[in-house]
Amino acid sequence: MDMRLQRLQNRKNTVVNKLYTVIKALFFREIITRYGRHGIGMAWVIFEPIIFIGPVLVFWLLINHHFDKRIPLVEFLLTGYPPFVLWRNCASRSIMGISANGGLLYHRQVAVIAIVLARAFLEIVGGIGSMVIIYSFLIPLEIVSFPADFLLYLCGWFYMAAFGAVSAILFCAMSEVSETFEKILHPVLYLMMPISGAFFMVSWLPSSVSDYALLNPITNGFEMIRDGYFGDRVQAHYNVGYALSSVITIACIGLLFLNRVRRNIRIE
Amino acid sequence: MKIAIQNVTKIYGTFAGRTLVLDCLTLTINEADKIGLLGRNGSGKSTLMKLIGGVEYPSSGRISSNMTISWPMGFSGAFQGSLTGRDNARFIARIYGKKIDEIIDFVEDFAELGSYMKMPVKTFSSGMRARLAFGLSLAIDFDCYLIDEVISVGDQKFQQKSHYELFQRKKDRTLIIASHDPNIIKAYCNKAVVLDRGKARIFDDIDEALAVYTAL
Chain D
1 MDMRLQRLQN RKNTVVNKLY TVIKALFFRE IITRYGRHGI GMAWVIFEPI
51 IFIGPVLVFW LLINHHFDKR IPLVEFLLTG YPPFVLWRNC ASRSIMGISA
101 NGGLLYHRQV AVIAIVLARA FLEIVGGIGS MVIIYSFLIP LEIVSFPADF
151 LLYLCGWFYM AAFGAVSAIL FCAMSEVSET FEKILHPVLY LMMPISGAFF
201 MVSWLPSSVS DYALLNPITN GFEMIRDGYF GDRVQAHYNV GYALSSVITI
251 ACIGLLFLNR VRRNIRIE
Chain R
269 MKIAIQNVTK IYGTFAGRTL VLDCLTLTIN EADKIGLLGR NGSGKSTLMK
319 LIGGVEYPSS GRISSNMTIS WPMGFSGAFQ GSLTGRDNAR FIARIYGKKI
369 DEIIDFVEDF AELGSYMKMP VKTFSSGMRA RLAFGLSLAI DFDCYLIDEV
419 ISVGDQKFQQ KSHYELFQRK KDRTLIIASH DPNIIKAYCN KAVVLDRGKA
469 RIFDDIDEAL AVYTAL
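If you read the sequences in order, they're chains D and R. Reminder that position 267 of the first sequence reads as 267 in our numbering, one-by-one numbering, no gaps. Reminder that position 133 of the second sequence reads as 401 in our numbering, one-by-one numbering, no gaps.
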């Protein structure tokens, strides 16, 4: 019995090792295919999200519309838009991500899940790395403050990263299953921007709507980040249990579909 | 070591309906077999290669093997066109868990692509691509090599080198070669499989197999 358990353990280790090796290789390959070896190369991973976020930030500052008088606009935007961009990039980069990389499947150890996760990790590294850069400029300049509860703030970001990764699995699988889904997914990404909670807090909503808003897992993530960042300055609503179980559910559905896609895929 | 193909069926869903490519095919490939795969266009040679190589999965049935099997070396697939020859080699070395420098050194020496190794693979001719694939898979050292139509690539010197690698240094390895060229099958193989209407027949006598194939 012990022997069998040991063997099973060993097998699990080699599977995990192999997956890790492949994801790592895909990760670096993706950086080179996307940004090349010229100029700042790898640093684009982090600068690309900054270029995305910077103009939006400046735009809102020029309008100078305050969502809530107690919270500075920059801080509010930085706890909403960047995590949203992280999720959206994870999801949108995964759409048709297997057909576009069919050649990779010539190598049997390249699992489809590795392709999807490598791309998602690249977005996560870029998204979180760009935040580190932005905050390390803005905090010393006293434009923004340090998070009230750093650990909770970090958990919020990790939750968004996890939600981004599982969304990538689901979106990838759905887009490969049917062309109709693929067409629907892009509008879904756009629609998520106003309804996700990136630009509002649940406590601002009328009570008849707020319960429904929290059904969206991503909204729980924004609330978590803002709870960690602002602390007592805001009233945050979220359900950790619901948020985590929806991540697990999405992952399971996504993996199930992805497995079906892999079995039936036709590679030139 | 062997590769056991048991009751493998492959059906493709196409716009024109479902196409049955392999129909309950059973075949055993033993260690050090040099198998010539014969069949008319569309008889499923490449499909069978892809299934053995783990690129695609059977619709039903099972393929089990305790050999390490190369990817099917053909004129397409396996490389990323926008990456250089060297970056492709680097990626493949990584996923197969090999030392990057050793693999690149071997490939540069073997494939003789010179400065092309620093150019995107999409600028390669199909012969150059096949040379890169050959070099890489020889460097990685598989138990079984799947060669889809590309054995006759390259100039005479390259062919001699490939021949030496595959039939002298690695003569204990298994080869599966798909080709329409009877001379290649005769020169390289000791067994042949004829694919016809989704079924496979294995022959120990190459001439007999070629006769059956010609009569199709």
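I should point out that these hints are in silico values taken from the structure, not numbers from a laboratory. Ideal Cβ positions, reconstructed from N, Cα and C, are used throughout, including at glycine. Among the clues, some could well be false.
As a list, the in silico EDC-like pairs of lysine to aspartate or glutamate whose alpha-carbon atoms are at most 20 Å apart [claimed, not checked]:
# : chain 1 : residue 1 : chain 2 : residue 2
1 : R       : LYS439    : R       : GLU476
2 : R       : LYS390    : D       : ASP2
3 : R       : LYS390    : D       : GLU268
Stretch by stretch, here's where chain D covers chain R in the computed footprint (C-beta under 8 Å, at least three residues) [claimed, not checked]:
# : stretch
4 : 345-352
5 : 357-364
6 : 460-474
Which earlier hints turn out false for this structure, listed by number in ascending order?
1, 2 and 6
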